[in-house]
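Participant: Sequence:
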Amino acid sequence: MRRKQIKMASTRIDPRFNRQLQPAAGKKSTNNNTIKEEIPGLIRVYEDGRVERPPIIPTVPCTSPAAAAGGVTSTDAVIDGSSNLWARVYVPAVNGYCRSSYNYKLPVLVYFHGGGFCVGSAAWSCYHSFLSGLAGEAGCVIFSVNYRLAPEHRLPAAYDDGLRALAWITSQDRSSQHWWSRRCNLSTGVFLAGDSAGANIAYNVARTLFSSSSSSSSKLSYIQGLILIQPFFGGETRTPSEKNTHDMSPNSPLTLSAADTYWRLSLPFGANRDHPFCNPLAKVREPRLLLPVPAIVCIAETDVLRDRSLEFCDAVSRAAGTVVVGGKKAAVEAIVYRGVGHAFHVLERSAVARIRAQEMVSHIKRFVHQ
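Following UniProt numbering from start to finish, the sequence shown increments by one per residue and tops out at 370.
No lab work stands behind these hints, which were simulated from the structure alone.
Certain hints may be false.
What the hints assert, rightly or not - Derived pair list, reagent style BS3-like, types lysine-lysine, alpha-carbon separation capped at 27 angstroms:
no.: 1; residue 1: 243; residue 2: 36
no.: 2; residue 1: 283; residue 2: 243
no.: 3; residue 1: 365; residue 2: 105
no.: 4; residue 1: 219; residue 2: 105
no.: 5; residue 1: 219; residue 2: 365
Using the sequences and the hints given, assemble the complete structure.
Facilitator: In structure tokens:
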């Protein structure tokens with residue numbers, strides 16, 4: 001059988017993505033306002049608190065059933081209008097994964113987009129293309145969450161939004177007003193997922209839930225696993241891939257200096273990169289909660305975050321025999337994708353990137369349906 005190929009985003013990325021992004025601090029703009037922090041082409045923060053985000057990637061509307069590519073329909077659902085918390089829902093067609101039954105329930109991925117906690121949108125065209133393809137190929141309903149951004153809303157705001165979104169999603173049942181709710185396995189088939197900063201959010205949402213004294217294993221049994229794509233973790237001590245940046249992808253949208261800027265803009269005031277939001281290994285009091293559910297970690301070979309992810313997976317593997325709150329044994333599968341850099345699945349358009357993205361989708365599909 002001929003394998004269905006995912007349609008990769010045809011977005012024209014700003015040329016500044018094709019060079020090492022160098023954040024600027026303390027520069028003067030043309031109107032004499034002092035620029036406090038800047039990642040060229042992505043975000044500029046002024047001393048007076050103003051924030052500018054150039055529209056480097058276009059946003060796209062959701063797709064109606066008639067216009068849906070690959071049989072995947074998408075619709076936008078408002079979770080909290082007062083804080084602009086919403087989700088784009090991707091629902092595969094009935095045929096195939098629904099076994100000709102509209103009542104056949106699909107696994108659910110609650111997905112958080114990347115962008116260093118400071119940029120990005122669930123409506124970005126690159127995410128719309130990737131997640132629509134993933135939903136159709138992997139046979140799952142995907143909720144792509146649009147959360148509040150830093151520096152206007154520093155961490156843990158994004159985590160709080162993730163928790164609120166998850167609570168809202170799992171509260172939808174067959175009696176819900178939303179037509180897609182009857183397609184979702186919300187009782188035993190929910191996975192938390194994301195890329196880059198979004199993977200960090202997915203991870204911290206899971207840890208918060210499982211470390212809460214008010215949460216019992218029975219209440220959290222619906223969460224089956226984590227899908228962490230190039231998770232945005234950091235630390236004060238540099239890893240080899242952070243030190244030897246000349247070995248990393250020259251076209252990467254994430255450089256070490258850009259990563260440091262994102263952390264300065266998103267961490268709580270006064271915190272450094274060994275804060276638990278940034279470095280999950282810095283202050284581990286309960287190893288059993290380092291990874292509360294099984295996970296797949298997708299790592300890009302030429303990503304500056306590569307070794308940070310490998311260190312995380314190694315720490316989890318050493319504690320693999322620990323029984324976690326949910327009654328499952330923590331297990332992690334680390335997969336390194338050769339020849340590609342950070343965010344290759346949404347921003348790179350090379351033949352190699354397309355192949356690796358297809359491989360990653362296959363791995364996610366296997367993990368979700370195992």
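Participant: Now tell me, hint by hint, if it's right for this structure.
Facilitator: Status of each hint after checking the structure:
no. : hint      : verdict
1   : 243 / 36  : holds, 25 angstroms
2   : 283 / 243 : holds, 23 angstroms
3   : 365 / 105 : holds, 15 angstroms
4   : 219 / 105 : holds, 20 angstroms
5   : 219 / 365 : holds, 25 angstroms
Of the numbered hints listed earlier, not one is contradicted by the structure.
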